[in-house]
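A.B. asks: Below are the chains, spelled out letter by letter.
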Amino acid sequence: MSTSADIPMVRVKDVYKSFGDLRVLDGISFDVTRGEVLAIIGPSGSGKSTMLRCLNFLEEHDAGEILIEGEPLGYRVRADGSRVREPEAEIARMRSNVGMVFQSFNLFPHRSVRENITMAPVSVKHVDKAEANARAEVLLEKVGLADKIDEYPSRLSGGQQQRVAIARALAMEPKVMLFDEVTSALDPELVAEVLTVMQQLAEEGMTMVIVTHEMQFAHDVSDRLMFIDGGKVIEEGNPAKLLAKPKSPRLKEFLHRFRASFN
Amino acid sequence: MDAILSFFGFGFIQSQLPRFWDGFQLTLAISAASMIGAVLWGLALVGPRMSGVRTIVIPIVAYIELVRNTPLLLQIYLSYFGLPLLGLPLSAFMCGVIAIASQHGAFLCEIFRAGIQSISRHQWEGALALGMTRRKAMRQVILPQAVLKVVPPIGNQLVILIKDTSLVSAIGIIELTLSGKMVIERSGASFEVFLFIAAVYLLLTTTFGVVLRIAENRLRARQ
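Sequences listed follow chains A and B, in order.
Using this note's numbering, read the first sequence as starting at 1 and increasing by one per residue.
Using this note's numbering, read the second sequence as starting at 264 and increasing by one per residue.
Please keep in mind that the hints were generated in silico from the structure rather than gathered at the bench.
Note that beta-carbon positions come from the ideal geometry of N, C-alpha and C, so glycine has one too.
Some hints here could point you the wrong way.
Unchecked claim - Sample of chain B residues at the chain A side, in silico, Cβ under 10 Å: (1) W387; (2) A390; (3) A392; (4) P407; (5) Q408; (6) L482.
Said to hold, decoys possible - Quick list of in silico lysine-lysine cross-link-like pairs, DSS-like style, CA-CA up to 27 Å: (7) K232(A) - K245(A); (8) K399(B) - K175(A); (9) K129(A) - K399(B); (10) K426(B) - K412(B); (11) K125(A) - K399(B); (12) K247(A) - K232(A); (13) K142(A) - K129(A); (14) K148(A) - K125(A); (15) K125(A) - K175(A); (16) K426(B) - K148(A); (17) K241(A) - K252(A); (18) K148(A) - K399(B); (19) K129(A) - K175(A); (20) K13(A) - K241(A); (21) K175(A) - K232(A).
Okay, chain B solo, but in the shape it has when bound:
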């Protein structure tokens, strides 16, 4: 057992744990901030996206198609080098979060839209007949049901988001991936380090997946 562990450089990894720990914490922070941002952004987009008002819908569809169909890495660069040019004094962290939330929010908007459209018009009528405005009906009746219906695709999207946070290493944020690269540059132990980091991502995404499934089951169990 010890032989296997030492073959995979376990002792070495152990000695570098504080560096990985710092990187891991940043990955967690970026993931959490981007997730919150992406969900809120997706929710903010979906109303106007479905408003039926052409002058609102067309620019939103254009934006969604643009961010969905260009590489996130490029968008991170654009955010990092572009936003300061617009006079926004943002940290690399914020630029990274904005780029990730922007793209994943666009994806989420389309997922939310699919969920909302899957709710029967009878639910709308039930809510409107009680004197709710469309806005109240959407918030209290339609969205809660729609979100529950699309929990699995939302989960997928957020797992992709977690993995995508590795891209912000390109703008010098020493999150998990970049912290690994830095250890490799000092030690040359690329195989061991990348394998270890992959395992950490795997642990993170599966833990997230399990939490999400438990939450989903809890919600469903009530109905």
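Chain A on its own, in the form it takes in the complex:
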């Protein structure tokens, strides 16, 4: 008998996705196990962000299947292979289990930090308001922003906003967290404070999928590194090995260009 521990947290099965004539995901498959931190790297336009956005159905895959803890996301595949789109409420329920942090923060500017964090638990999961509040305080403490609870997002730095965004996603108690180039919009001196929070989350055993340009961070924090190009997984494995001894020419070239930009 299979227990929930055997089921991968995320399973991507032969997923295709095109924007018009442009094929962005080209039959991609991978699993993310419980508690695993997967970092996805790749050149721009490789499909890595699209892949991540498919994991909470912000992008809808054209074919294949995505399962979150065994449950199909967005589409249910019938026995004859045809697909049925899930009703909106079901998609929303699935999304509530998948936290996402964006490059552009996407905090709600008309709500205070506290409200940004408590809003979804109260309105989506019907958590008691006082309880949501208490949880918001704990989460802000964790990301080092307890004193900002009644500020509005526009009064925070980029790094602070991004940490609030992480706290907001965590407030839904997600099974997996997705990070979409979350430090790309930050000033260099603000990157570390966000990465520290992510590292802490990883150490606590959160299942994470991280799309990033921060190669050193990917190396340090991830359990597995995946190199994507042309909408396919080109190479994956232990981050230290992969970065030190890339096998595929494309990853070699990618790493070469990446390192060249620092020299």
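We have chain A already, so just place chain B on it with the hints.
C.D. replies: Chain B only, in chain A's frame:
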């Protein structure tokens, strides 16, 4: 000073104040009821207007274009003479409010739509990623920001609405304008009365404008 005031018939106006007062109160009531109606109607229309479902969008666009491009006076007549024919036993007051709310709601719908479209898709994604349905995202995240963005054009529209309430005098509602006309018919002091009434409308619309600006600044100050 007294000479100027008496030239403008101030003493006469003063003697007629109770009549104007009744009319003014009705104008206030019609304005308030029509505003509430227009805002709710505009909000009710904007969702279906933006639904993207052709069979819903086309009739709504047709309705909006129709009421925006025909005179309000005509719509007031149609409401006053037409709605009873449909078996709706409505007072003149209600018919007037319905006509005004219907037209201004259509205008407001387009203003709301512009505001909603001005909100970045990132806000939608932020809300959807938290497990909100589109409906919840719209109500809690998009609309509050959209409304704030379009407070100035909404203010304009509602000032026009206040002025448009004078048109319901045509269906015998003795609001401010008609109360003035009645005083004129009895006294012949048309210049003094119309000038006075214009001043009252001006006072009403500017007061409304100031209140709106204070409210807007309060809302903005929080962000």
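A.B. asks: Mind checking the CB of Q408(B) against every CB in chain A and telling me if the closest is under 10 Å?
C.D. replies: With a closest approach of 5 Å, the Q408(B) hint holds.
A.B. asks: What's the verdict on K125(A) and K399(B), does the C-alpha distance respect the 27 Å limit or exceed it?
C.D. replies: Answer holds: K125(A) to K399(B) is near 12 Å, not above 27 Å.
A.B. asks: Does the nearest C-beta of chain A fall within a distance shorter than 10 Å of the C-beta of A392(B)?
C.D. replies: 4 Å, holds
A.B. asks: Would you check the hint for K247(A) and K232(A), treating anything up to 27 Å between C-alpha atoms as holding?
C.D. replies: Given that 27 Å is the threshold and the Cα spacing comes to 15 Å, the pair holds.
A.B. asks: Hint check: K232(A) vs K245(A), CA-CA at most 27 Å. Holds or violated?
C.D. replies: 20 Å, holds
A.B. asks: Taking 27 Å as the top limit, are the C-alpha atoms of K129(A) and K399(B) close enough?
C.D. replies: 17 Å, holds
A.B. asks: Sort out whether K232(A) lies within 27 Å of K175(A), counting only the CA atoms.
C.D. replies: 25 Å, holds
A.B. asks: Take the C-alpha atoms of K125(A) and K175(A), compute the straight-line distance between them, and say whether it is at most 27 Å.
C.D. replies: OK: K125(A) and K175(A) at ~14 Å, within 27 Å.
A.B. asks: Does the CB of A390(B) sit less than 10 Å away from some CB of chain A?
C.D. replies: 8 Å, holds
A.B. asks: Between K426(B) and K412(B), is the straight-line Cα distance small enough, at 27 Å or below?
C.D. replies: Given that 27 Å is the threshold and the Cα spacing comes to 24 Å, the pair holds.
A.B. asks: Under 10 Å is the threshold here; is the Cβ of L482(B) close enough to any Cβ of chain A for the hint to stand?
C.D. replies: Given a least distance of 8 Å, the restraint on L482(B) holds.
A.B. asks: Is the Cα-Cα distance between K399(B) and K175(A) 27 Å or less?
C.D. replies: Roughly 22 Å separates the two Cα atoms, so the pair holds.
When held up to the earlier numbered hints, the structure conflicts with hint 16 and nothing else.
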